[in-house]
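As they're listed, the protein sequences go chains A and B.
Residue 29 in this note's numbering sits at position 29 of the first sequence; the count goes up by one each step and never skips.
Residue 112 in this note's numbering sits at position 112 of the second sequence; the count goes up by one each step and never skips.
Please keep in mind that the hints were generated in silico from the structure rather than gathered at the bench.
Where hints are given, some of them may not hold.
Partial selection, computed: residues in chain A whose CB lies under 8 Å from chain B [what the hints assert, rightly or not]:
1) 41
2) 88
3) 91
4) 103
5) 108
The C-beta atom is built at its ideal place from N, Cα and C for all residues, glycine as well.
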Amino acid sequence: DTGVSQNPRHKITKRGQNVTFRCDPISEHNRLYWYRQTLGQGPEFLTYFQNEAQLEKSRLLSDRFSAERPKGSFSTLEIQRTEQGDSAMYLCASSLGQGIAYEQYFGPGTRLTVT
Amino acid sequence: KNQVEQSPQSLIILEGKNCTLQCNYTVSPFSNLRWYKQDTGRGPVSLTIMTFSENTKSNGRYTATLDADTKQSSLHITASQLSDSASYICVVSVSQAGTALIFGKGTTLSVSS
Chain A
1 DTGVSQNPRH
11 KITKRGQNVT
21 FRCDPISEHN
31 RLYWYRQTLG
41 QGPEFLTYFQ
51 NEAQLEKSRL
61 LSDRFSAERP
71 KGSFSTLEIQ
81 RTEQGDSAMY
91 LCASSLGQGI
101 AYEQYFGPGT
111 RLTVT
Chain B
1 KNQVEQSPQS
11 LIILEGKNCT
21 LQCNYTVSPF
31 SNLRWYKQDT
41 GRGPVSLTIM
51 TFSENTKSNG
61 RYTATLDADT
71 KQSSLHITAS
81 QLSDSASYIC
91 VVSVSQAGTA
101 LIFGKGTTLS
111 VSS
């Protein structure tokens, strides 16, 4: 399977714990995006990388959230001191470049439940 | 404020029937408009992308229209199939960079036999 993959697919954690999600983009895609989607809502942009550089962060990305893409390939999204409001689907997408010619391909998402 | 509004919120149709989903946006500067299909528990999959100069674009049984003057778009599904049951999300790109994507809440379509 050469699509975008995300792990784990589901994560249940207790409030206050730290969690880390992984995204493996399509090979050779230099752009990688993270989104958050809550029930009944469309995805909301969190951050994106061009290769290993994090170029943009949304206001939604509080200081408890950190994302990395150390070698310009896979990326991790860590949430520290999780809160119940962090419960959502976290989607990763990748693209070959920017603009309309470069479609964003989404992974299946990681569903986080904070109890 | 950049917003994308979709209607109806949900829709139930019989297999084989046609349907049209609506999208209104207040996004500036507008770059392009996309329709995505999202199956339950899966990531969105792109159906169409249109720039402001395009009025219509088809992808199989899916036809999207765009009126950049009225800032409205529609997605028409012809001869619906059970597999069309999903959420359909309208997404507007604010800039050529494509990073600033504004997503609608989606229309949940249920196709029954």
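Each hint tested on the structure:
1. 41: At 5 Å from the nearest chain B Cβ, residue 41 of chain A passes the 8 Å test, so the hint holds.
2. 88: Constraint on residue 88 of chain A not satisfied, violated at 13 Å.
3. 91: 5 Å, holds
4. 103: 5 Å, holds
5. 108: With a minimum Cβ separation of about 5 Å from chain B (threshold 8 Å), the hint on residue 108 of chain A holds.
In this structure, only the earlier hint numbered 2 is contradicted, and the remaining ones agree with it.
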